[in-house]
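Chains as they are written, first to last, in our numbering: chain A, 400 to 744; chain B, 400 to 744; chain C, 400 to 744; chain D, 400 to 744.
Wrong hints could be hidden among the right ones.
Each pair may be met inside one copy or between any two copies, as identical chains are not told apart.
Mimicking DSSO-like on lysine-lysine, the simulated pairs with C-alpha atoms at most 27 Å apart in a straight line are [claimed, not checked]: (1) LYS713 <-> LYS742; (2) LYS624 <-> LYS401; (3) LYS677 <-> LYS449; (4) LYS449 <-> LYS713; (5) LYS697 <-> LYS401; (6) LYS522 <-> LYS677; (7) LYS742 <-> LYS677; (8) LYS736 <-> LYS713; (9) LYS522 <-> LYS713; (10) LYS677 <-> LYS713; (11) LYS697 <-> LYS522; (12) LYS713 <-> LYS624; (13) LYS736 <-> LYS401.
Think of the hints as simulated: they come from the structure by calculation, not from any bench.
The structure presented is a predicted model; accordingly, all values stated were derived computationally and were not measured.
Below, each chain spelled out in residue letters.
Number of protein chains: 4
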Amino acid sequence: MKIQFQCDYNEGCAPEILSALAQTNMEQNVGYGEDPHCENARRLICEACKAPHADVHFLVGGTQANATVISSILRPYQGVIAAETGHIAVHETGAIEHGGHKVLALPAINGKITAQQIDDCVKAHYAEDGPEHTVQPGMVYISYSTEFGTLYSLMELEEIHDVCVEHGLPLFVDGARLGYGLASPASDITLPLLARLADVFYIGGTKQGALFGEAVVFANQSLAKNFRYCIKQGGGMLAKGRLLGIQFETLMTDNLYMRLARHAVNEAIRIRQVLLEKGYPEVVPSPTNQLFFTLPDKDLAKLSPDFLFSVWGKPDNAHTTVRICTSWGTLPENTDKLIEALKEI
Amino acid sequence: MKIQFQCDYNEGCAPEILSALAQTNMEQNVGYGEDPHCENARRLICEACKAPHADVHFLVGGTQANATVISSILRPYQGVIAAETGHIAVHETGAIEHGGHKVLALPAINGKITAQQIDDCVKAHYAEDGPEHTVQPGMVYISYSTEFGTLYSLMELEEIHDVCVEHGLPLFVDGARLGYGLASPASDITLPLLARLADVFYIGGTKQGALFGEAVVFANQSLAKNFRYCIKQGGGMLAKGRLLGIQFETLMTDNLYMRLARHAVNEAIRIRQVLLEKGYPEVVPSPTNQLFFTLPDKDLAKLSPDFLFSVWGKPDNAHTTVRICTSWGTLPENTDKLIEALKEI
Amino acid sequence: MKIQFQCDYNEGCAPEILSALAQTNMEQNVGYGEDPHCENARRLICEACKAPHADVHFLVGGTQANATVISSILRPYQGVIAAETGHIAVHETGAIEHGGHKVLALPAINGKITAQQIDDCVKAHYAEDGPEHTVQPGMVYISYSTEFGTLYSLMELEEIHDVCVEHGLPLFVDGARLGYGLASPASDITLPLLARLADVFYIGGTKQGALFGEAVVFANQSLAKNFRYCIKQGGGMLAKGRLLGIQFETLMTDNLYMRLARHAVNEAIRIRQVLLEKGYPEVVPSPTNQLFFTLPDKDLAKLSPDFLFSVWGKPDNAHTTVRICTSWGTLPENTDKLIEALKEI
Amino acid sequence: MKIQFQCDYNEGCAPEILSALAQTNMEQNVGYGEDPHCENARRLICEACKAPHADVHFLVGGTQANATVISSILRPYQGVIAAETGHIAVHETGAIEHGGHKVLALPAINGKITAQQIDDCVKAHYAEDGPEHTVQPGMVYISYSTEFGTLYSLMELEEIHDVCVEHGLPLFVDGARLGYGLASPASDITLPLLARLADVFYIGGTKQGALFGEAVVFANQSLAKNFRYCIKQGGGMLAKGRLLGIQFETLMTDNLYMRLARHAVNEAIRIRQVLLEKGYPEVVPSPTNQLFFTLPDKDLAKLSPDFLFSVWGKPDNAHTTVRICTSWGTLPENTDKLIEALKEI
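Between the sequences and the hints, there should be enough to build the whole structure, so can you do that?
Right, here's the structure in full:
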């Protein structure tokens, strides 16, 4: 059995969550997210975000959360500004377009876009002679951490926030890997800062210790009006909504969410150090749980009987770029084994 | 704490499933439904359906399953024929229309439609002078058991199947409560019969002992081409697909699925007998886990401190129609308490 | 060559329009409805409606106008209340559903719905335990004159207006046959009254003397924000927008629109009188340009070599219900011939 | 009054069309494109394309034709490959996305894409580990002539055709300016060649002498199944379909379509020669009716009191790139005036 480092969703969930599910199993609860566990989880999230009036909703997965939030905000003729490498732009089978909206994709550096690019994009639209012939920018989507493990600094986020305010564009932060971003020593962002700078974001559960589930936080609660209709229509309203409540209740208790995230990041830092020491080129400098390095194929051949990575590209015939992921569930002994194997090459 | 009989999703899941989740928790698996548990669950389902070539996919919930299957089959100008009381027609916030399709709703008796009605609907469409001005019937949707707990007989299903074949319409059976139908003593349908008569149907998990999840079975596998794209686009592809695999693997082992269903139906039969003895009018004669009776409000007032039902209507100022549901998880002692309370009125 | 009474769009257009098109043909104009003819037509329409601040847009046809207006107003989870016989409910190939919205169809009497029905529909939605599971009523659509040639009285319209205001629902009036309604001696509605009672309506051109085109009037101009984007996206923005401007400029000059409409209604009244004298049952009592009568098949057999009607139904084996239409272009001598033929039977 | 060279739709239509409309005006015809004029126009188009079995449909405008054809062909999870400068990618307010589909935009040189790019795009999709996470390429869209006036050579078209066949992708050619392409001395394409190489294309009327209208030709008629439903649903089915029939009947008679196109191209060639003589840099080398040149602002200032061009960009503070268009209706004396003015600078 290979040890899997190819993604951050190959284990089940934090044992605390399994316990909570077992303990509450025969409780009878009303459905659709209106049970006491969901109530409690919402309260804990608002507290953690220092956003007492935020409107919190639970969805099953990331693509669903992205599609539901975006289509709930945009008017039919509007599009969403995003990095060309953003998850909604490339890895959701056109779910945003399926909802009727164009992704206005901007060139990205290490998975990130800038306030300047957003400003240029909006101004170019309105400078058109006949702006109604092109898709109107209606909101901005960024990921934190990004699909390449990188982070926006507080200053970058504030600039993006400001340009969004200037143009009346809601800012949406995809937080499928939010914890892995916040837990990085390179991060200067916190949940309360995020709740101040973003109109809506989500606290990713699926990749961060839950069985599944994302907690969508509408810091700007005016955008959340009738959002439950959108969830239901989009097929995201779990009959046993309690499952999401119980999971986030658990994750938000005793700082479990951040502890799990920190573990993943620490394991990644250990691996990264060895990769850098080995002199392998780092394709994207990532301070979170995803690492992107280019290795000689002959070195990979030595690792592949025991370890599974994601192939990210083939820069030439003798090298391969791989993604190496840790997660909340990465066993330290498995990290040790990988480090040892790397050193032995 | 009231005892809840208002729906069939107010408990967690069968303990066997919790065990299986705990046991496999730290296994590492590839994502998106391509892991060995999903493989195994698919194999077990094909066996149970005696449909070795069926294409089986797992989705998170019923609305999602309905919307994804229907929009994967229809051409843009086609609609789906359904009972006006069908779940897709009334209780999915227009998810089918959101996908671009009209629900061609037919008057229903006790939640059911007939082959004759389908035939008439299709013929009326093509008899139009300019059929392209009206929505083309593209498939047929029925529920088994229906939203009112009723069942199609084998003969009725065969007639519907035949008229669908005649008009080239795929037949889709919503099986959110499939087990509760199959387990009824009034049923003359089996999984293999269903796999022969329906083009696609699903084995409902959410309401029948799973935490969540529906197993969509394409008996007519030609309809399943590229269905994984549809699942992903519709936000229904779980990263940790194993969760669905493990649950259905468990449900399909040792006949657990049917045992759970039979329990619910038996508990319902016990309650129904008392309701009939009390002389309360039965609004819809249901042989499955949902009961629909009209009670005097003064009687309800005696029950409501201890029991929760769904309100289904107000026939007059002194009476209320309620839905009383049992489930896989109904505790026999709770059924006893309800029966006792009814007798005491 | 049969004389055609089967619809109101079988001739070309009013000669005044052809002349105007010829006269302006080699003028050079900017595109997309921003030329002086469109400007002028908009001004004339606002004047005729005594609605100086109305926002007027030109679209090519009725289905397009309906779909574009409705999808511009509704949120994704909302539906449009309409008569079950309304054009959007039955004769537009599901264009509204294609745009993502359910038509909430109400039983109609002679093509009309009532304020009471609308009120009941809205209240039933919010009375649901979990209204987010059903489509939220988002606007109301009625036709004037209706698909059956009938008219709402001023009192009925005011009641509908009031209930719409009460529930915050925009009221949209399909005016594909608006002139034929306004021109009826049975009408107590005028353009200014309509502009006061409806949020948005259109002045139909296609069936009323134009080559094609509908003038959408947003009396409630706040609903028109960015409507040009919707037109363009919906494929309704004519490059040579002047064509619509010139046509409506002409129709709104010297009362041409109403004169053409009155002609059609007068011809219909002449035919109707004979049909009533003959004792044929009138299926729907219509005071406008569409007549619905049931004739014995043996009588129809005498008419059909010379005249074309629309078949509307077969009440029994010996009778047929037909629609007989007049239009702005019906030649009086053709009406005479039909009347004579009827009398001779 | 400025002389307008800013687009190719600022005049009305060819006088022959106005005459035909006038002559047929009081004819009574059945609606929706099933009249004898449409029949005749279809026959003439099939003849001109030497494609006796092609299925021809008439639509009102280009955006509508593009959106209707594309959404009729694609499955929900598929996208359309196009140049990033293609009309559907930039100037249709996201009409394709509104229909649910992503435009898979490829970098373009002078408005064109290559067979190699298409091949790479398709292969990259299927090389994905989990192709169902990205939009499946479902068809290819190119424009002839392109949005920059350029042309594909026969060899280029054949290569594109071949790669489309290899990957099972229908090839759709946007012919909004088809005549201006075919009429160029630089073109080695003909209607019959196009009908052999494309699965579906359209013969643009709006920009080429008609009042409005595009004739969609399904050379691969299997793709046209039920296309009338799509037209109606998309709001493109003109009640007075005759208007389109009469126009194309006229254009396809006595070679009028090509004569009008040739006139426009000839006028453009005369202007281009002078622009090249003046030494102005040509931004895109176009052999058709659209010219793209960069002029010093001081020169433009001399022209702008008398002539209207489209602004295409501002390469620096002292220069502007303009589009100069001729059309079927460009008066030779206006071309003379522009040439004279250019020479005088």
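Within, between, both or neither: how does the pair LYS677, LYS713 come out at a Cα-Cα threshold of 27 Å? within (19 Å within a copy, 49 Å between copies)
Is it within, between, both or neither when you check LYS624 against LYS401 at 27 Å Cα-Cα? neither (47 Å within a copy, 31 Å between copies)
Within a copy, between copies, both or neither: where do LYS736 and LYS401 come within 27 Å Cα-Cα? Cα proximity of LYS736 and LYS401: one copy only (11 Å, versus 54 Å across).
Check LYS736 against LYS713 for me: Cα-Cα at most 27 Å, and say if that holds within a copy, between copies, both or neither. Within. Shortest intra-copy distance 25 Å satisfies the 27 Å Cα cut-off; inter-copy 59 Å does not.
Tell me, please, which holds for LYS697 and LYS522 at an alpha-carbon limit of 27 Å: within, between, both or neither? Answer is between; shortest inter-copy Cα gap is 26 Å, intra-copy 49 Å.
Up to 27 Å CA-CA - LYS624 versus LYS713, copy category: Neither. Shortest intra-copy (46 Å) and inter-copy (30 Å) distances fail the 27 Å Cα cut-off.
Treating 27 Å as the Cα threshold, decide for LYS697 and LYS401: within, between, both or neither. Classified as within; 18 Å inside a copy, 66 Å across copies.
Intra- versus inter-subunit Cα pairing at 27 Å for LYS449 with LYS713: Answer is neither; intra-copy 45 Å and inter-copy 45 Å both fail.
Given a CA cutoff of 27 Å, do LYS742 and LYS677 count as a within-copy pair, a between-copy pair, both, or neither? Classified as within; 8 Å inside a copy, 68 Å across copies.
I want to check one pair: LYS522 and LYS677. Are their C-alpha atoms no more than 27 Å apart within a copy, between two copies, both, or neither? neither (46 Å within a copy, 34 Å between copies)
From the Cα coordinates, with 27 Å as the cut-off, is the pair LYS522 and LYS713 best called within, between, both, or neither? This pair counts as between: shortest inter-copy Cα distance 15 Å, intra-copy 37 Å.
Checking LYS677 and LYS449: alpha-carbon separation at most 27 Å within a copy, between copies, both or neither? neither (43 Å within a copy, 55 Å between copies)
Consistency with the previously given hints fails for numbers 2, 3, 4, 6, 12, ordered from lowest to highest.
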